[in-house]
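Could you build all of it, start to finish, from the sequences and the hints given here?
There are 2 protein chains.
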Amino acid sequence: MGRQVAIVGVGHSKFGTRHDANIAELAWESIRQALDDAGVGQEDIEYFVVSNAGGWSSEPLPAVVVGEYAGLNPKGTVRVEAACASGSAALKLAHDIVASGQADIVLAVGIEKMNESPTPTVVEYIGRAGNFFWEFQNFGLTFPGYYALYATAYMHKYGATEEDLCRVAVKNHYYGARNPKAQFQREITVEACMNSRYVAWPLKLFDCSPITDGSAAVIVASEEIARKLTDTPVWIRAIGAASDTSNLSKRTDFTSLRAAVEAARMAYRKAGIDPENPVKHIDVAEVHDCFTIAEILAYEDLGFAKRGEGVKLVREEQTYIGGLIPVNLSGGLKAKGHPIAATGVSMAAELTRQLRQEVEKERQATINKGIALAHNVGGTGHYAYVTILSLEKPSK
Amino acid sequence: MGRQVAIVGVGHSKFGTRHDANIAELAWESIRQALDDAGVGQEDIEYFVVSNAGGWSSEPLPAVVVGEYAGLNPKGTVRVEAACASGSAALKLAHDIVASGQADIVLAVGIEKMNESPTPTVVEYIGRAGNFFWEFQNFGLTFPGYYALYATAYMHKYGATEEDLCRVAVKNHYYGARNPKAQFQREITVEACMNSRYVAWPLKLFDCSPITDGSAAVIVASEEIARKLTDTPVWIRAIGAASDTSNLSKRTDFTSLRAAVEAARMAYRKAGIDPENPVKHIDVAEVHDCFTIAEILAYEDLGFAKRGEGVKLVREEQTYIGGLIPVNLSGGLKAKGHPIAATGVSMAAELTRQLRQEVEKERQATINKGIALAHNVGGTGHYAYVTILSLEKPSK
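Protein chains in written order, with the numbering used here: chain U, 1 to 396; chain Y, 397 to 792.
Any given hint might turn out to be false.
Said to hold, decoys possible - Within a straight-line C-alpha distance of at most 30 Å, the following computed DSS-like cross-link-like pairs (lysine-lysine) qualify:
hint	chain 1	residue 1	chain 2	residue 2
1	Y	K624	U	K270
2	U	K228	Y	K666
3	Y	K789	Y	K757
Calculated directly from the structure, the hints in this document are not laboratory data.
Right, dumping it as structure tokens:
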């Protein structure tokens with residue numbers, strides 16, 4: 001149903017503290033790369049979707065500021081927000097616009113300048129990323145606090161330790177150290193992580209993704225156009241999307257994000273992936289490790305491990321290259337950085353280059369199944385998007 | 397190309413100052429009506445698009461707050477923003493999602509609580525709805541100030557007067573007085589308008605749309621589903637979308653909004669409407685009268701009148717029922733109210749009911765061509781969406 005859609009160009013800014021670029025300049029850094037990569041000009045883009053959460057931004061209309069600077073007027077545009085999953089939502093909409101036949105070439109760009117700062121501060125703003133009225137204002141829950149609830153529940157139920165959480169950070173820093181676009185480019189040890197200060201027990205500083213400025217861009221095209229533009233189109237095989245309650249107090253299980261389970265189920269069904277054993281289909285994944293516990297939950301929510309056994313993948317180093325399924329070879333949100341609304345687009349850009357075997361050699365996955373997965377969560381599982389990319393064109 | 401998509405249910409809250417309802421309750425007011433109107437339940441909605449600008453909102457994740465309260469979990473969702481055109485952008489995306497085959501039934505809901513208030517204040521926030529860095533912060537331009545530039549340019553070039561602008565307000569209050577959902581339900585006179593205080597010369601208080609709380613909802617469905625649900629599907633025949641420069645200083649003509657011209661051109665081409673004489677095809681229109689001058693520009697940008705002759709339509713009362721083409725029979729943004737991101741969805745809900753001949757008798761257009769047009773502008777022509785609805789299914 002609908003037309004097939006492929007990624008034909010990707011771009012990715014340097015992630016980090018980017019006081020050298022304003023929001024439009026930082027967006028252009030990735031847009032320009034994506035245009036060059038696709039071999040198209042601004043005039044070829046028929047619509048552009050700008051992913052920006054940006055409650056902290058001085059510019060309340062980021063899409064038009066980016067549009068003017070990037071030379072995209074008079075093309076139609078919209079800004080989208082799905083919290084930390086905004087980038088994947090932008091990619092879904094770009095996909096659907098092309099699949100519907102309303103446009104042949106669409107740009108999705110994710111941009112966030114978190115260090116631009118604000119009233120409220122960026123930390124307070126992120127703390128509100130749940131239900132502000134009940135849980136932030138009345139109970140004082142902060143964003144690390146939300147995920148700490150999941151961490152303690154998981155540790156209690158399955159015997160995971162703080163060291164186990166730190167092992168996720170160690171892996172992601174290992175790969176971040178090999179990714180020139182990553183915010184943190186040094187390895188860390190379990191000891192360093194264990195010695196870092198508590199943010200919200202049991203989560204320590206090194207369990208948390210950082211405050212990041214950055215942008216990423218993806219250009220998608222219809223099959224006919226994609227075939228003309230590139231010999232290596234990366235097909236968007238399926239996208240699953242789901243939501244969960246705004247209030248965490250309305251949830252019953254803190255060892256899984258229901259929205260992620262649902263989004264994965266949808267994506268696997270559309271993509272023809274066996275939900276009982278998805279790793280047999282998938283070469284490489286990027287998952288939403290906003291906190292280390294979130295990566296372990298992702299393994300289980302995606303079916304990479306049985307319930308309670310995600311932590312075993314960590315202990316056995318099964319998500320390094322050469323293991324059962326390599327995860328977050330970009331460094332993940334933890335080390336690559338997490339510019340909120342750019343993250344989902346960054347995942348798609350990274351996985352496109354992984355499938356094309358273009359990334360730095362030490363962090364290149366072995367590609368033989370030709371399928372990659374992105375798992376992108378907004379808030380504390382308030383939103384979830386799971387995207388399946390493939391080298392092979394999907395069958396109808 | 398793509399599947400045909402129809403509006404199968406609409407809902408509309410009372411617009412006004414709504415301290416009686418929080419953002420989720422106010423959204424539910426229209427969602428519930430739309431579900432009832434379509435004859436579907438929450439479980440039938442496969443994805444929902446939430447239109448909310450809401451830089452002033454305490455809830456930074458409006459889509460999830462609305463989703464929980466409206467019982468829409470675990471369906472996928474996203475929040476979209478295209479300034480005052482957000483609602484039309486939401487409808488476009490809902491349309492494209494269904495047209496692409498990714499879903500059969502999608503909800504678009506627009507919600508704004510402008511009186512919830514904030515730092516910055518709502519007036520300051522709207523003032524930033526251009527290029528904050530250059531034009532708001534450095535030159536102190538406010539939102540009425542932006543449109544005042546257009547008003548003075550138009551008056552200078554074509555000899556329109558302040559009385560002419562007031563005549564637009566008089567018409568829209570005339571119809572608002574007949575719309576129970578409108579914020580302002582009383583008629584005004586040209587004299588009263590002329591005696592109202594200046595906000596940004598030549599625009600006076602009665603030239604300006606108000607600060608409004610409100611929501612509107614539209615449910616769209618694929619042809620197959622629409623046929624089962626209703627005998628009067630209203631087809632989304634075409635949507636045009638365009639953008640213009642963030643900085644007004646980069647524009648050369650202040651008597652037209654280029655983005656609106658471009659969006660209309662796209663929509664007319666897709667819908668098979670003669671751009672030289674569109675009124676021969678169209679029964680009724682809702683246009684974006686955020687300020688009275690904007691309605692006159694809209695007449696010309698849409699081709700309802702030649703350049704410089706939009707003001708003649710006003711003087712001759714050609715946009716009342718019985719005239720050349722009735723415009724803003726809802727009361728328009730001016731009298732119905734303008735809850736930023738709800739406005740575009742409100743236009744689609746209103747026009748659906750006009751085409752079905754369901755609105756109050758005194759403000760019901762004569763429907764014999766079966767086509768209605770919505771013109772929705774974001775910022776000062778930063779965004780524009782033009783949507784064509786029809787009783788007859790579009791030909792491929």
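Verification of the hints:
{"no.": "1", "hint": "K624(Y) / K270(U)", "in the structure": "holds, 25 Å"}
{"no.": "2", "hint": "K228(U) / K666(Y)", "in the structure": "holds, 25 Å"}
{"no.": "3", "hint": "K789(Y) / K757(Y)", "in the structure": "holds, 26 Å"}
Hint check: no violations occur; every hint is consistent with the structure.
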